[in-house]
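Enquirer: Listed here are the chains, written in short residue letters.
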Amino acid sequence: MIEAIILMLVLGAFLGLGLGIADEVFYVKPDERFEKVLNMLPGYNCGACGYPGCQGMAEGLLNGEVTTVSQCKPSNADQRKDISTYLNENPGPDGKALVIKP
Amino acid sequence: MELFSLFISAIFINNIILNKFLGMCPFMGVSRKTSSALGMGGAVTFVIFFSSLITWGLFEYVLEPLSLQYMDLITFILIIASFVQLVEMIIKKYSPSLYKALGIYLPLITTNCAVLFVALENIKQGFTFVESVVYSLAVPIGFTLVLIIFSAIRERLDIADVPKPLKGNPVAMIVAAIMALAFSGLAGLV
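Protein sequence lines correspond, in order, to chains A and B. The letter at position 33 of the first sequence is residue 33 when you use the working numbering, and the numbering goes up by one with no holes. One gets the working numbering by counting positions in the second sequence from 1 and adding 1000 to each.
It cannot be assumed that every hint is accurate.
As the list claims (entries may be wrong) - Which residues of chain B face chain A? A partial, calculated answer using Cβ under 7 angstroms: (1) Leu1066; (2) Leu1068; (3) Met1071; (4) Ser1082; (5) Gln1085; (6) Leu1086; (7) Met1089; (8) Ile1090; (9) Lys1092; (10) Lys1093.
Since the hints were derived computationally from the structure, they do not count as laboratory data. From the three backbone atoms N, C-alpha and C, an ideal C-beta is built for every residue, glycine too.
Working from the sequences, and respecting the hints, build out all of it.
Expert: Set out below in structure tokens:
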């Protein structure tokens, strides 16, 4: 019984350490624009844009599937303008800025 | 020679998908495109090969001397889950497109019964180290082979004139059944 507990502890610690190191080695820098765009969207998760939620819409904007912010129905004119100017002015990790209409 | 017949029989005769009916989830789920089928096959091969070797060593040198054989399932699952996490990190780093194509099916390798099957079968059959190396390599090769064949057929079916009620998944099920019949014809090869 006590051996089983020790075994699980050792195994868990060993695998956890291994995965922790692997996480450092294979770290992928997340796109910082994603968080910003997500915060600028209304955040209703209404799904009117065709994506399941605002998260999907933000991803769609960043990978070029969506080219006009007005696809987000509940957003007002200010929000649309803010998001489009932000994305047009801030280039992504590949150094290219997106062309997004409000 | 015995190793060779073990290798051939694990790939063709006792094929993990078409004979044992394990790992059906990715078989249906990621077989729409040959490229993603190949990626899935590679990921599963990596996970099965390394996790089976480690679980074999763990059982032989730790669990058995301590007479903790009843701990096999929980420790094996822990090791498999860790390897799937590792594969996920590697694919996310080096091939984001493959990461996207595999989607939810990548973390689901953890629950792919084919992986646990190989780990348990190595123990149950009492394989030596060399035998378990051969077996843990042959089973995922058979998995990948069938996945690629099936995805190639499905790609061809997409442009074929299939009767409307059978379009998509139903005809894929029929193809899977015919493939299983065809593979059963290989019994008695070795």
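Enquirer: Determine for every hint whether it applies to the structure shown.
Expert: We went through each hint and held it up to the structure:
A distance limit of 7 angstroms between C-beta atoms decides the matter here; for Leu1066 (chain B) the minimum to chain A is near 5 angstroms, and the interface restraint holds. Hint status for Leu1068 (chain B): holds, given a least beta-carbon distance of 6 angstroms to chain A, under 7 angstroms. Checking Met1071 (chain B) against chain A: minimum C-beta separation of about 6 angstroms stays under 7 angstroms; hint holds. Contact between Ser1082 (chain B) and chain A, as hinted, is supported at the beta carbon level, the nearest pair being about 4 angstroms apart and thus within 7 angstroms.
The restraint placing Gln1085 (chain B) at the interface with chain A holds, with a minimum CB-CB distance near 6 angstroms, inside the 7 angstroms limit. Evaluation of the Leu1086 (chain B) hint against chain A yields a held restraint, the C-beta minimum of about 5 angstroms falling below 7 angstroms. Given the 7 angstroms rule on beta carbons, the hint for Met1089 (chain B) holds: about 4 angstroms separates it from the nearest Cβ of chain A. Because the smallest distance between the Cβ of Ile1090 (chain B) and any Cβ of chain A comes to about 6 angstroms, under 7 angstroms, the interface hint for this residue holds.
Interface hint at Lys1092 (chain B): satisfied, since its Cβ lies 6 angstroms from the closest Cβ of chain A, which is below the 7 angstroms cut-off. Checking Lys1093 (chain B) against chain A: minimum C-beta separation of about 4 angstroms stays under 7 angstroms; hint holds.
This entry satisfies every hint, going by the numbered hints stated previously.
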